[in-house]
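Listed below, chain by chain, are the residues.
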Amino acid sequence: SQQGEEDPQALSIQEGENATMNCSYKTSINNLQWYRQNSGRGLVHLILIRSNEREKHSGRLRVTLDTSKKSSSLLITASRAADTASYFCATDAVGSYIPTFGRGTSLIVHP
Amino acid sequence: ETGVTQSPTHLIKTRGQQVTLRCSSQSGHNTVSWYQQALGQGPQFIFQYYREEENGRGNFPPRFSGLQFPNYSSELNVNALELDDSALYLCASSLGASGGTGELFFGEGSRLTVL
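Heads up: the sequence lines are chains S and A, in that order.
Under the working numbering, the residue at position 60 of the first sequence is numbered 60, and the numbers go up by one with no gaps.
Converting from the second sequence to the working numbering requires adding 111 to each position, the first position being numbered 1.
Bear in mind the hints are in silico, worked out from the structure with no lab data behind them.
A portion of the hints provided could be inaccurate.
[As the list claims (entries may be wrong)] Some chain S residues close to chain A (C-beta under 10 Å, calculated; not the full set):
hint, residue
1, Glu6
2, Ser28
3, Asn31
4, Gln33
5, Tyr35
6, Gly40
7, Leu43
8, His45
9, Asp92
10, Thr100
11, Gly102
In this text, all values refer to a predicted model and were calculated from it rather than measured experimentally.
We treat Cβ as the ideally placed atom computed from N, Cα and C, and that holds for glycine.
Given only the sequences and the hints, what does the whole structure look like? Please build it.
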């Protein structure tokens with residue numbers, strides 16, 4: 001079963017715009033991670049945010065975590081065509097250290 | 112490049128056959144997790160091995176089995192293949208089952224097609 005669910009399922013934007021993806025989850029977590037997957041390839045880790053953190057930055061990425069709402073968002077600023085990929089959130093529930101993935105958001109950035 | 116290698120990259124089998132997929136973990140990592148990703152879906156957790164012992168299992172039948180070797184490489188075996196087993200099988204290594212950062216380092220996957 002899916003612990004996290006991303007929203008929207010698909011997002012299409014122009015280069016230079018910002019892209020925001022959301023993740024909701026069901027149970028209390030140790031941490032939440034975001035991964036990126038280019039078509040048919042392996043997943044690449046982007047950023048990890050712990051349950052006691054509220055915001056984290058990495059380059060053009062900004063992740064927020066609201067444990068009271070059991071939700072997270074990933075913001076990609078000044079998007080590029082090379083950002084075109086699927087983005088997944090992964091959570092590991094308290095008591096487990098095994099990341100569980102959502103269905104992902106498919107992002108298309110038009111040049 | 113994550114340093115995690117999987118083989119084979121692509122393979123085609125028929126229903127009822129058996130398949131073995133292999134994974135070499137990143138240097139220094141003692142934990143390997145296997146995920147199944149159907150087309151258009153997120154990765155589904157199959158099982159995890161930590162220091163050669165199964166450390167957790169997802170909702171997959173017993174015909175999905177695995178091994179981890181002393182060098183921390185791993186195999187995924189699937190018996191009695193079904194059409195629904197067609198998917199991308201992803202191996203991920205990490206440091207420590209309950210320690211480390213929790214970050215997973217993925218290989219490029221093995222694409223299995225069952226006819």
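- With a cut-off of 10 Å on the beta carbons, see whether threonine 100 of chain S makes it to chain A. 6 Å, holds
- Query: Is the interface hint for glycine 40 of chain S satisfied, with its Cβ closer than 10 Å to some Cβ of chain A?
  - Reply: 7 Å, holds
- Residue hint glycine 102 of chain S, partner chain A, criterion CB-CB below 10 Å: Status holds, d = 5 Å.
- With a cut-off of 10 Å on the beta carbons, see whether serine 28 of chain S makes it to chain A. Violated. Min distance 15 Å.
- Task: Go through the hint on tyrosine 35 of chain S and say holds or violated, using the shortest Cβ distance to chain A against 10 Å.
- Result: 8 Å, holds
- Item | Restraint satisfaction for histidine 45 of chain S [CB to CB of chain A, less than 10 Å] | Where the cut-off is 10 Å and the nearest Cβ of chain A is about 5 Å from histidine 45 of chain S, the hint holds.
- Item | Restraint outcome when glutamate 6 of chain S is required to lie within 10 Å of chain A by C-beta distance | With a minimum Cβ separation of about 8 Å from chain A (threshold 10 Å), the hint on glutamate 6 of chain S holds.
- Message: Is the interface hint satisfied for leucine 43 of chain S? The criterion is a beta-carbon contact with chain A at less than 10 Å.
- Response: 5 Å, holds
- Closer than 10 Å between Cβ atoms is the bar; does asparagine 31 of chain S clear it against chain A? Give me holds or violated. 6 Å, holds
- Under 10 Å, Cβ to Cβ, is where glutamine 33 of chain S needs to be relative to chain A, so tell me if that hint holds or is violated. Holds, because the Cβ-Cβ distance from glutamine 33 of chain S to chain A comes to roughly 7 Å (cut-off 10 Å).
- Item | Proposed interface contact between aspartate 92 of chain S and chain A, which counts if any beta carbon pair is under 10 Å | OK, holds: aspartate 92 of chain S within 10 Å of chain A, min 6 Å.
Consistency note: the structure conflicts with earlier hint 2 alone.
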